[in-house]
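Residue numbers (the numbering used here), protein chains in the order written: chain D, 1 to 261; chain F, 1001 to 1242.
Read the hints as simulated data drawn from the structure, not as lab findings. Some clues are possibly wrong.
[Said to hold, decoys possible] Which residues of chain F face chain D? A few of them, derived with a C-beta cut under 8 Å, are:
id, residue
1, D1117
2, A1122
3, G1165
4, L1174
5, V1181
6, S1182
7, R1186
8, S1189
9, F1202
10, N1211
[As the list claims (entries may be wrong)] Straight-line Cα separation of at most 25 Å, SDA-like style, residue types lysine to any residue; simulated pairs:
id, chain 1, residue 1, chain 2, residue 2
11, D, K197, F, E1144
12, D, K197, F, G1204
13, D, K197, D, D94
14, D, K197, D, Q103
15, D, K197, F, L1102
16, D, K197, D, E93
17, D, K197, F, G1148
18, D, K197, F, M1097
19, D, K197, D, A209
20, D, K197, D, G216
21, D, K197, F, R1143
22, D, K197, F, L1147
23, D, K197, F, E1101
24, D, K197, F, T1106
25, D, K197, F, A1099
26, D, K197, F, T1152
27, D, K197, D, H222
28, D, K197, F, P1093
All residues carry an ideal CB built from backbone N, CA and C; glycine is no exception.
Residues per chain, in single letters:
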Amino acid sequence: MSDLTRFGDEERALAERIMSRRTALNDAGRLGASLLAVAAIPTLFRGRSGSLLAQEALTEQEMATLNFALTLEYLEAAFYEQGLAAAGLVPDEDRDVIGIIGQHEDAHVALLAGVLGDDAVAEPVFDFTAGGSFADVFTNYETFLALAQGFEDTGVRAYKGQAGNLQSSGSLLTTALQIHSVEGRHAAMVRRMRGQKGWIVGAETDVAALEAVYAGEGNTTHLGVDATTTTEVPDEQVGEAFDEPLTEEEVLAIAGPFIVA
Amino acid sequence: MSDTETLVRGEDQESPAPSRTNRRAFLKTSAAALALSVVACGDDEPDPFEPDPDPDPDPTAVDLGTGDIAVLNYALVLERLEAGFWSEVVSNPYVGMEATELETLTEIRDHEIAHRDFLIAALGPDAIGELEFDLSAVDFTSRESVLGTARTFEDLGVAAYNGAGQLLENVDFLLVAGKIVSVEARHASVVRDLLQPGTDHFAGDDVVDANGLDGAMTPQEVLTAAGDFIVTELDTSGLPTA
Chain D
1 MSDLTRFGDE ERALAERIMS RRTALNDAGR LGASLLAVAA IPTLFRGRSG
51 SLLAQEALTE QEMATLNFAL TLEYLEAAFY EQGLAAAGLV PDEDRDVIGI
101 IGQHEDAHVA LLAGVLGDDA VAEPVFDFTA GGSFADVFTN YETFLALAQG
151 FEDTGVRAYK GQAGNLQSSG SLLTTALQIH SVEGRHAAMV RRMRGQKGWI
201 VGAETDVAAL EAVYAGEGNT THLGVDATTT TEVPDEQVGE AFDEPLTEEE
251 VLAIAGPFIV A
Chain F
1001 MSDTETLVRG EDQESPAPSR TNRRAFLKTS AAALALSVVA CGDDEPDPFE
1051 PDPDPDPDPT AVDLGTGDIA VLNYALVLER LEAGFWSEVV SNPYVGMEAT
1101 ELETLTEIRD HEIAHRDFLI AALGPDAIGE LEFDLSAVDF TSRESVLGTA
1151 RTFEDLGVAA YNGAGQLLEN VDFLLVAGKI VSVEARHASV VRDLLQPGTD
1201 HFAGDDVVDA NGLDGAMTPQ EVLTAAGDFI VTELDTSGLP TA
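Please take these sequences and the hints and turn them into a complete structure.
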């Protein structure tokens, strides 16, 4: 317990909740591991949002949802890590931008893995060429950015699709939304670096292999109301004004070719 | 009113002017407009100039309602503010606004109007009417002032939707809020990149924390932050707090 003394009351309360959940597993070794996981993410608790502090033990659905998110974050984090490490790939003038995106994805991995503790899925092995479809991903910056855009826009749609699964989860929902909008910032920036608009136009993509990322983005009906009929704004802008969700199944179909094991 | 406070009708109406040319011509008659002021016109809105038939402590306050309706009306307050602001920006471009920039900012305006008009339609008779805003702190001739204010509004919009998600009971409303908030985040990113091009400012550490998290604010925090811009008194007592 002395490991907890450097945490504040709220952090200790959270750690104890996690511990009591682990204790229920009656596995002293796993208990120790979860304590390490908590200790590894001290900055989590200093977040402006106070997120996660009120979180009770995770439900099965929450675990599944967070592990799905974690898988995507692993993918993004590894992608930028490998991209930044590839000699001559990311131009000097873009390294700050790509660097901060990578930092955020790393932070998301740490945060989600920390919350999940022992229940976190292991990091998959990735093949960012997708079996050769993007063979020059780490030697051709245009290919790298095209995939970056695809991953970020997918991330936005993936989190959106999971919001309902976290609706009863209080601050955990808020945390997911706080990640979701950061993915939106990333997506807009990468799109503009590629000469695209910051927002998604219909289901358009200039990369045929990424069509699934944008499938359904042309929808303009929300809550049963066709938003193009409620305004004189041009239909194209009405479409841009609403991002659409993807289901877990749709996201995994997109991510699948990049996941080897 | 002095020429620094002009009634700009139509800017927060339910659709944009049909053409930029007309809009420009119109604005010449109110080029000095520094404050956006719009009168209440919803069918169910009390006329602020008539005695309230059912007086309460603040008869002119606009009641957001209760529960999910209140949360969506709270979103509508912000969308009305953003739509009004961006309409003014596009109608009265700052000095040196390049064509591509005008195109981008016009699209942002259109998105915000689309959000506003959608929320009005979705809320139906429960939608709050038009609101009076005070944008006199913005120098619409100055790129720095306009984009700086835009950054504040878009970041605030992101934090507002992020914080409001857990207040919603209806999962369909939550999804719609999610559809809107990521576009607000795209706006924030673009505006920030216009301010500091090619840097990490689009998601800088002034707005994204060390955990890679964007802001999340309660309605009370948001309305306090936006308080100087919102003239109309709002009755937020029906907003859920958890």
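Can you name, in rising order, the numbers of the hints this structure does not satisfy? none
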